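Chains as they are written, first to last, in our numbering: chain W, 1 to 113; chain H, 1 to 399.
Please note that the accuracy of each hint is not assured.
Keeping only pairs whose Cα atoms sit at most 30 angstroms apart, straight-line, the calculated DSBU-like set for lysine-lysine is [said to hold, decoys possible]:
| id | chain 1 | residue 1 | chain 2 | residue 2 |
| --- | --- | --- | --- | --- |
| 1 | W | 64 | H | 332 |
| 2 | H | 105 | W | 105 |
| 3 | W | 105 | H | 332 |
| 4 | H | 74 | H | 332 |
| 5 | H | 31 | H | 322 |
| 6 | W | 105 | H | 91 |
| 7 | H | 164 | H | 91 |
| 8 | H | 322 | W | 105 |
| 9 | H | 91 | H | 105 |
| 10 | H | 105 | W | 64 |
| 11 | W | 55 | H | 271 |
| 12 | H | 35 | H | 91 |
| 13 | W | 90 | H | 271 |
| 14 | W | 55 | H | 332 |
Everything labelled a hint here was simulated from the structure, so no lab data went into it. None of these values were measured; they are calculated from a predicted model.
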Amino acid sequence: MTINLPEGFEDLAPFAAKWARATEYERVAERRRSTPEQLRAFYDALLNRLPDILKRVDAYPLGKVEGADRHLFHMALSLAEIAPHIEFYKADPNVPFSFDEERLKGHHCGVPD
Amino acid sequence: MPKVPFLAQHPELGNAPIPVEPYLSEDYYAKEIDKIFRRDWLFVGREEDIPDAGDFKVKRLDFAHTSVILVRGKDKKIRAFHNVCRHRGNKVITETGGEETFGNKRAAVLACRFHGWVYDAEGKLINVPMEDKFPTCFDRAKNGLVPIHVDTWAGFVCINLAKKPTKTLREFLGGVVDHFEGYPFDQMTHVHTYYAHINCNWKTGIDAFCEAYHVPTIHAGSFPGLADYWLDDFATYGDHRSLAIYTVDMNPPTPVASKANELFAASIALKRDEPFPLPKAINPNRHEKWGFEQTVVFPNFLVHVGQGLWFTHQFWPVAQNKCLWEGRYFLKAPTANSQHWAQRYAVTLQRNAWLEDTATMEDTQEALLSGAVSYLNLQDEEVMLRHAFNAVNNRVAAE
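Generate the whole structure from the sequences, applying the supplied hints.
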């Protein structure tokens with residue numbers, strides 16, 4: 001399946017298939033099967049465009065980001081998912097010294113991703 | 001810094017090592033269920049879970065082999081019932097497979113799929129198909145849903161499984177009511193929920209969240225900035241207890257964390273504004289380094305309040321060596337997608353911290369089963385654990 005991104009975000013296209021994931025469960029799974037290098041490359045690329053992405057998604061009502069912008073939003077959520085691994089856990093794809101993440105259930109809150 | 005060590009303030013708590021038996025014994029577990037969980041008020045939700053007439057939530061309570069229907073009636077009152085049909089015992093509301101099932105019936109009636117028996121939100125049996133084929137001794141009025149005592153406080157919904165609770169909810173809470181008086185729980189009702197089944201005693205779970213001794217080690221990953229802390233404001237309210245954590249510093253202001261915090265300050269590890277005044281009893285000296293509280297409402301409900309955020313943990317007993325952990329993080333609802341993003345960053349970091357906290361629990365249960373050690377050593381800062389041991393043990397030993 002092709003993940004189309006809005007015009008002007010072609011630089012993020014190499015990361016879209018892996019990181020434009022609609023649910024936390026999928027984003028956690030992608031993170032855990034990444035190499036440290038993949039995490040670093042994605043972090044650097046997304047961080048660079050984060051302000052642009054957040055500005056675009058704020059044009060939509062809460063929870064109603066649509067189309068190609070929704071893929072961007074999911075990639076930003078993937079950044080939120082992996083940021084602690086770059087900023088704190090030295091690029092470890094897992095949370096160091098943690099309970100088995102496979103067994104953690106949830107997450108839900110009132111706003112769809 | 002507390003001027004006098006906690007245990008010196010509370011000599012009645014003792015200072016000897018505590019036994020391991022309460023964490024391992026099936027007999028002790030059975031007594032806890034019978035004398036505590038089937039008699040005390042239990043926190044099972046928030047009013048916001050079921051805001052409108054016809055809304056219901058079904059919560060599994062494995063220790064009591066039941067699931068509880070919490071339903072809001074047309075009169076806006078919340079009532080609670082065992083999820084058991086009076087016909088042949090089917091679950092009136094089929095659960096979705098999770099620990100909690102949510103739904104709404106516009107007419108505020110609950111219908112059992114098996115044979116179409118219908119109850120209203122007050123529990124009355126209002127329709128029985130082929131009622132005339134039941135014997136004349138069958139009386140619909142005597143076959144309503146079996147009610148469970150329910151009450152609310154500060155937006156929390158509580159139940160009591162006893163036929164006749166010995167205390168009202170307010171009497172049970174005692175000093176906890178004043179402690180939280182004025183804390184605006186209802187301004188922060190947007191909840192992020194996680195849960196897991198953990199193979200450890202429910203008390204091991206509670207212990208883990210009632211001290212900060214573990215912060216420099218367990219949270220070296222997620223909260224490196226919080227390693228320098230002190231504790232104060234220890235208070236006991238009968239079986240309930242409270243303690244506050246003051247942190248000298250915060251996490252380093254890393255790029256994504258800072259961006260998220262700027263959009264919506266939702267992390268306990270980063271500096272935030274103070275959107276509301278705290279109750280008098282919470283951060284009583286208005287110290288700028290106050291972080292958050294650890295309060296336990298007996299037996300198993302942890303409420304951690306902070307500035308602009310609060311979170312809860314519950315450890316439900318399932319067996320002497322199994323429990324269900326539920327972690328919930330409460331924030332003011334986001335108003336923009338960028339704020340939703342920011343909240344998800346903060347909640348992800350907190351989730352990771354909870355994964356760090358839960359990491360030692362099963363190992364502890366397994367290791368204690370060896371029988372190699374018979375007591376646990378607690379330091380002064382682990383006063384909440386000592387109070388917990390005493391509170392549970394006194395109830396188990398009593399009639």
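Here is how each hint holds up against the structure:
{"no.": "1", "hint": "64/W <-> 332/H", "verdict": "holds, 19 angstroms"}
{"no.": "2", "hint": "105/H <-> 105/W", "verdict": "holds, 27 angstroms"}
{"no.": "3", "hint": "105/W <-> 332/H", "verdict": "holds, 23 angstroms"}
{"no.": "4", "hint": "74/H <-> 332/H", "verdict": "holds, 28 angstroms"}
{"no.": "5", "hint": "31/H <-> 322/H", "verdict": "holds, 16 angstroms"}
{"no.": "6", "hint": "105/W <-> 91/H", "verdict": "holds, 24 angstroms"}
{"no.": "7", "hint": "164/H <-> 91/H", "verdict": "holds, 24 angstroms"}
{"no.": "8", "hint": "322/H <-> 105/W", "verdict": "holds, 16 angstroms"}
{"no.": "9", "hint": "91/H <-> 105/H", "verdict": "holds, 16 angstroms"}
{"no.": "10", "hint": "105/H <-> 64/W", "verdict": "holds, 26 angstroms"}
{"no.": "11", "hint": "55/W <-> 271/H", "verdict": "holds, 24 angstroms"}
{"no.": "12", "hint": "35/H <-> 91/H", "verdict": "holds, 27 angstroms"}
{"no.": "13", "hint": "90/W <-> 271/H", "verdict": "holds, 23 angstroms"}
{"no.": "14", "hint": "55/W <-> 332/H", "verdict": "holds, 21 angstroms"}
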